[in-house]
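There are 2 protein chains.
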Amino acid sequence: MKDLIVLKVGGSVITDKKSEKPKANLKNINRIAEEISEAYASGKFDLILVHGAGSYGHQIVKKTGIDKGIKNDEQRVAFAETQRLQNDLNSIVTKALIKNDVPAMPLQASAHAIMRAGRLVKFDLEATRGFLRSGLVPVFYGVPAFDTEQACSILSGDQITPYVAKELYARKIIHGTNVDGIFTADPNKDKSAKLIPLIREENFEKISSWMSGSSAVDVTGGMLGKISELLDVAKSGIESQIVNALKAGNVKKALLGEKIGTVVVR
Amino acid sequence: MKDLIVLKVGGSVITDKKSEKPKANLKNINRIAEEISEAYASGKFDLILVHGAGSYGHQIVKKTGIDKGIKNDEQRVAFAETQRLQNDLNSIVTKALIKNDVPAMPLQASAHAIMRAGRLVKFDLEATRGFLRSGLVPVFYGVPAFDTEQACSILSGDQITPYVAKELYARKIIHGTNVDGIFTADPNKDKSAKLIPLIREENFEKISSWMSGSSAVDVTGGMLGKISELLDVAKSGIESQIVNALKAGNVKKALLGEKIGTVVVR
Numbered sequence: 001m002k003d004l005i006v007l008k009v010g011g012s013v014i015t016d017k018k019s020e021k022p023k024a025n026l027k028n029i030n031r032i033a034e035e036i037s038e039a040y041a042s043g044k045f046d047l048i049l050v051h052g053a054g055s056y057g058h059q060i061v062k063k064t065g066i067d068k069g070i071k072n073d074e075q076r077v078a079f080a081e082t083q084r085l086q087n088d089l090n091s092i093v094t095k096a097l098i099k100n101d102v103p104a105m106p107l108q109a110s111a112h113a114i115m116r117a118g119r120l121v122k123f124d125l126e127a128t129r130g131f132l133r134s135g136l137v138p139v140f141y142g143v144p145a146f147d148t149e150q151a152c153s154i155l156s157g158d159q160i161t162p163y164v165a166k167e168l169y170a171r172k173i174i175h176g177t178n179v180d181g182i183f184t185a186d187p188n189k190d191k192s193a194k195l196i197p198l199i200r201e202e203n204f205e206k207i208s209s210w211m212s213g214s215s216a217v218d219v220t221g222g223m224l225g226k227i228s229e230l231l232d233v234a235k236s237g238i239e240s241q242i243v244n245a246l247k248a249g250n251v252k253k254a255l256l257g258e259k260i261g262t263v264v265v266r
Numbered sequence: 001m002k003d004l005i006v007l008k009v010g011g012s013v014i015t016d017k018k019s020e021k022p023k024a025n026l027k028n029i030n031r032i033a034e035e036i037s038e039a040y041a042s043g044k045f046d047l048i049l050v051h052g053a054g055s056y057g058h059q060i061v062k063k064t065g066i067d068k069g070i071k072n073d074e075q076r077v078a079f080a081e082t083q084r085l086q087n088d089l090n091s092i093v094t095k096a097l098i099k100n101d102v103p104a105m106p107l108q109a110s111a112h113a114i115m116r117a118g119r120l121v122k123f124d125l126e127a128t129r130g131f132l133r134s135g136l137v138p139v140f141y142g143v144p145a146f147d148t149e150q151a152c153s154i155l156s157g158d159q160i161t162p163y164v165a166k167e168l169y170a171r172k173i174i175h176g177t178n179v180d181g182i183f184t185a186d187p188n189k190d191k192s193a194k195l196i197p198l199i200r201e202e203n204f205e206k207i208s209s210w211m212s213g214s215s216a217v218d219v220t221g222g223m224l225g226k227i228s229e230l231l232d233v234a235k236s237g238i239e240s241q242i243v244n245a246l247k248a249g250n251v252k253k254a255l256l257g258e259k260i261g262t263v264v265v266r
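Going down the list, the protein sequences come from chains A and B.
Those letters in the first sequence? Residues 1 to 266, by the numbering used here.
Those letters in the second sequence? Residues 1 to 266, by the numbering used here.
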């Protein structure tokens, strides 16, 4: 049996995240589709892709507040429209992959997922297992989903990724982001910041003290919380790798096993 | 509790079915979206919509044979592309509905459905129930789905419709088709053919003899088989109505309870 890799590509990579209107970054989408195709053609791994929403989701959700629940007809229509927009973005992403001969099967998580107060509580992966066994590449994406407490909440790609990876015994998760990895400090503010190539439980405390410094404030924009999450995933035996997907070649390299960016292990 | 109506709109109504390339019939889609909106605004019923594939599905499926299973890489890619095309058609349909203030929630059945040798064997409707309770209008559509025996088979709108109607205790199913209803003979070939306004088990035998005539051949193009299916649905207490959705006003009239076309009851 081949190793399973779950590749998450952020909304900031595949869309123009700051655009008021939904706007896909076709250049990045096409380049990453080619990289995935080249790596997948090696036949060395099974693959699940998860992508974010970027400007297809954040603006409409922020404007209508549907992530906090549904209370009126306007929000009901916004719920449906938010889902429709995610399907449109997913169609652009899977079209690029299919053009490159990747059997990229769109999978709408909210067709069956159940949330409770914003957390995923039920998500049946039997069909997904079938698609993998049949040699397809399931493609999930962030969606608005049914929530038992507030009718609607957001099932983000960042929630889908570890859930699917654990349930399907993935070997590793690759996070294709807009940063080079995890640094000792915020590299945009501190020129002495250094990339941390390997994080494991044993050095987490040291890293944590580097990052928060003497002020005990997380200066890296919530990166510490992120690392905690990845260490939690690592406890299930799943390696995480954070790479910069804006830079050509990185996604392909990570898929083929190169140790670029930051790797988080048990 | 409001009555639940399941409205199935055929692929021949919302697409140019004979087009070699996928081609939506925007005029029909927009008109029917307006009719649904006007009827739904009455607040008299809950609604589930199911639509067919038409030229978004039949051509690619026929060309690649994926309905009979997946055997090679080309078919794997065709499987994914067929799903992607259905999502595109669904996006056009739901966009028109949303524009008319109908909270039309796209639902990809193949994200979780399991087929066996072409028949639907597992389909979890818990999220769908949640959407209905939250005041949304779930919109299903025909899709290629995972099949335990042949990797892929087609989960058509015609399979989804009675399954969902039975599981969710629908009051009636409306079939928006390209014919006026069920006739005593093929109206295109026989000018004396008469519309049958009401079919029930007691008059099925008589109707059956009208339709097959002395030749014992079903001259109405499989319509007898169709009636058998509808009578089977009627046994679950669900009325079926066949109307011509190409004619303006019919979908709205049927949703509001007018007895046009052919009605099939227990």
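Since the hints were made in silico from the structure, they are not lab data.
Treat the hints with caution; some may be incorrect.
No distinction is drawn between identical chains; accordingly, a pair holds when it is met within one copy or between any pair of copies.
Heads up, simulated DSSO-like pairs for lysine-lysine below, C-alpha to C-alpha not over 30 Å straight-line [as the list claims (entries may be wrong)]:
#1 Lys62 to Lys2
#2 Lys21 to Lys95
#3 Lys62 to Lys253
#4 Lys95 to Lys27
#5 Lys62 to Lys44
#6 Lys21 to Lys253
#7 Lys253 to Lys122
#8 Lys2 to Lys189
#9 Lys95 to Lys189
#10 Lys68 to Lys27
#11 Lys2 to Lys122
#12 Lys99 to Lys68
#13 Lys189 to Lys71
#14 Lys235 to Lys99
#15 Lys95 to Lys17
#16 Lys259 to Lys17
#17 Lys226 to Lys206
#18 Lys23 to Lys63
#19 Lys62 to Lys191
#20 Lys99 to Lys63
#21 Lys122 to Lys95
#22 Lys44 to Lys21
#23 Lys2 to Lys191
#24 Lys2 to Lys68
#25 Lys194 to Lys23
#26 Lys27 to Lys247
#27 Lys259 to Lys63
#28 Lys2 to Lys23
#29 Lys44 to Lys189
Taking the hints in turn, this is what the structure says about them:
{"no.": "1", "hint": "Lys62 to Lys2", "verdict": "neither (41 Å within a copy, 32 Å between copies)"}
{"no.": "2", "hint": "Lys21 to Lys95", "verdict": "both (21 Å within a copy, 16 Å between copies)"}
{"no.": "3", "hint": "Lys62 to Lys253", "verdict": "neither (35 Å within a copy, 38 Å between copies)"}
{"no.": "4", "hint": "Lys95 to Lys27", "verdict": "both (13 Å within a copy, 26 Å between copies)"}
{"no.": "5", "hint": "Lys62 to Lys44", "verdict": "neither (41 Å within a copy, 32 Å between copies)"}
{"no.": "6", "hint": "Lys21 to Lys253", "verdict": "neither (32 Å within a copy, 37 Å between copies)"}
{"no.": "7", "hint": "Lys253 to Lys122", "verdict": "neither (34 Å within a copy, 39 Å between copies)"}
{"no.": "8", "hint": "Lys2 to Lys189", "verdict": "neither (42 Å within a copy, 59 Å between copies)"}
{"no.": "9", "hint": "Lys95 to Lys189", "verdict": "neither (38 Å within a copy, 44 Å between copies)"}
{"no.": "10", "hint": "Lys68 to Lys27", "verdict": "neither (33 Å within a copy, 36 Å between copies)"}
{"no.": "11", "hint": "Lys2 to Lys122", "verdict": "both (27 Å within a copy, 27 Å between copies)"}
{"no.": "12", "hint": "Lys99 to Lys68", "verdict": "between (38 Å within a copy, 23 Å between copies)"}
{"no.": "13", "hint": "Lys189 to Lys71", "verdict": "neither (42 Å within a copy, 54 Å between copies)"}
{"no.": "14", "hint": "Lys235 to Lys99", "verdict": "neither (37 Å within a copy, 47 Å between copies)"}
{"no.": "15", "hint": "Lys95 to Lys17", "verdict": "both (20 Å within a copy, 22 Å between copies)"}
{"no.": "16", "hint": "Lys259 to Lys17", "verdict": "within (28 Å within a copy, 51 Å between copies)"}
{"no.": "17", "hint": "Lys226 to Lys206", "verdict": "within (16 Å within a copy, 71 Å between copies)"}
{"no.": "18", "hint": "Lys23 to Lys63", "verdict": "within (17 Å within a copy, 33 Å between copies)"}
{"no.": "19", "hint": "Lys62 to Lys191", "verdict": "neither (34 Å within a copy, 60 Å between copies)"}
{"no.": "20", "hint": "Lys99 to Lys63", "verdict": "between (34 Å within a copy, 18 Å between copies)"}
{"no.": "21", "hint": "Lys122 to Lys95", "verdict": "both (29 Å within a copy, 28 Å between copies)"}
{"no.": "22", "hint": "Lys44 to Lys21", "verdict": "neither (39 Å within a copy, 36 Å between copies)"}
{"no.": "23", "hint": "Lys2 to Lys191", "verdict": "neither (41 Å within a copy, 64 Å between copies)"}
{"no.": "24", "hint": "Lys2 to Lys68", "verdict": "between (40 Å within a copy, 27 Å between copies)"}
{"no.": "25", "hint": "Lys194 to Lys23", "verdict": "neither (33 Å within a copy, 54 Å between copies)"}
{"no.": "26", "hint": "Lys27 to Lys247", "verdict": "within (12 Å within a copy, 44 Å between copies)"}
{"no.": "27", "hint": "Lys259 to Lys63", "verdict": "neither (40 Å within a copy, 43 Å between copies)"}
{"no.": "28", "hint": "Lys2 to Lys23", "verdict": "neither (36 Å within a copy, 40 Å between copies)"}
{"no.": "29", "hint": "Lys44 to Lys189", "verdict": "neither (40 Å within a copy, 59 Å between copies)"}
In summary, the structure is inconsistent with hints 1, 3, 5, 6, 7, 8, 9, 10, 13, 14, 19, 22, 23, 25, 27, 28, 29 from the numbered list given earlier, while agreeing with the others.
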